[in-house]
Amino acid sequence: MMKNLDAEFIIGATKVSQFPQLNKPEVAFTGRSNVGKSSLLNSIVLRKNLAKTSATPGKTQQINFYDIENKWIFTDLPGFGYAEVPKTLKESWIKLVFEYFQIRENLRLVCLLVDSRHDPTKIDISLMEWFENNNKKFLVILTKCDKISQKLIEERKKQVEHLLQFCKNNIEVLPYSSKTNMGRNELLAIIKKITV
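Here the sequence shown is numbered in the working numbering, starting from 17 and rising by one per residue.
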C-alpha cells in the first residue's frame, strides 16, 4: 500500500535572495517544459494538487520549494524550452536555474526528466553534460512511460544509458509513469539512499 507523503509548499522564488535557507537535503526536478514535472511531483507525494499541472507549457515561472516529510526539500524548477514568454524573461529563468544549481549547498540530487516518447533533445543532452562537468549527481527519469510499450521503454532506457556510459555522476535511468506510479518506489529508494 502506497502512503501519502507529508508535503508543504514553502516559497516560490523568482530571485536568488528569496531562496530559503533550509538545513535539509535538497532534490531538484528539472527538464523541458511539458515533460511532466508537476505530475511527477504530485505522484511522488500521492497528492493531486501539490504542484500545479497545466496544459500550457512553461507554467512554472519560479523555483518552487516544498518540504517533504520534514526530511527533504524538493524543488520544482522552471521548464526549459517552449514557454511563450518574452525572451528576456526566459533568459532570466535560465540564469536563475543555473545559479540555483551552483549555490545550493544542500543539493544532493538533480532529477532530469526526459519524455520517453521522443529522442533526448539538445536541451536534455546539454543538461546531462552540464551536470557531469559540474559534478552534480543526477538521475534521468523517463516520463510518460504509460504511453509507450514495454519494448519501447527498454529501447529508450538503453539509448539513454548508452549516451551516459562515460558519466560518473549519473546514478540511473529510471522509467516512470505519474499515471500508474511505475518507478515511484524506486525513485523514493534512490532519494533515501542519496540523502542519508
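Some clues are possibly wrong.
[Unchecked claim] Label-pair restraints from in silico Cβ distances:
#, residue 1, residue 2, range
1, K174, K87, 31 to 39 Å
2, K103, N201, 38 to 46 Å
3, N20, I141, 29 to 37 Å
4, H178, E107, 31 to 39 Å
5, Q166, E121, 39 to 47 Å
6, E188, N122, 20 to 28 Å
7, K138, E24, 32 to 40 Å
8, Q118, K195, 28 to 36 Å
9, E171, K19, 31 to 39 Å
10, K174, I210, 19 to 27 Å
11, E145, N65, 33 to 41 Å
12, P36, K174, 34 to 42 Å
13, Q181, N150, 14 to 22 Å
Don't read these hints as lab results, they were simulated from the structure.
Glycine residues also receive a C-beta, built at the ideal position from the N, C-alpha and C atoms.
A quick look at each hint next to the structure:
no., hint, verdict
1, K174 <-> K87: 31 to 39 Å, "holds (33 Å)"
2, K103 <-> N201: 38 to 46 Å, "holds (41 Å)"
3, N20 <-> I141: 29 to 37 Å, "holds (35 Å)"
4, H178 <-> E107: 31 to 39 Å, "holds (32 Å)"
5, Q166 <-> E121: 39 to 47 Å, "holds (40 Å)"
6, E188 <-> N122: 20 to 28 Å, "holds (21 Å)"
7, K138 <-> E24: 32 to 40 Å, "holds (36 Å)"
8, Q118 <-> K195: 28 to 36 Å, "holds (34 Å)"
9, E171 <-> K19: 31 to 39 Å, "holds (33 Å)"
10, K174 <-> I210: 19 to 27 Å, "holds (24 Å)"
11, E145 <-> N65: 33 to 41 Å, "holds (35 Å)"
12, P36 <-> K174: 34 to 42 Å, "holds (39 Å)"
13, Q181 <-> N150: 14 to 22 Å, "holds (19 Å)"
Hint check: no violations occur; every hint is consistent with the structure.
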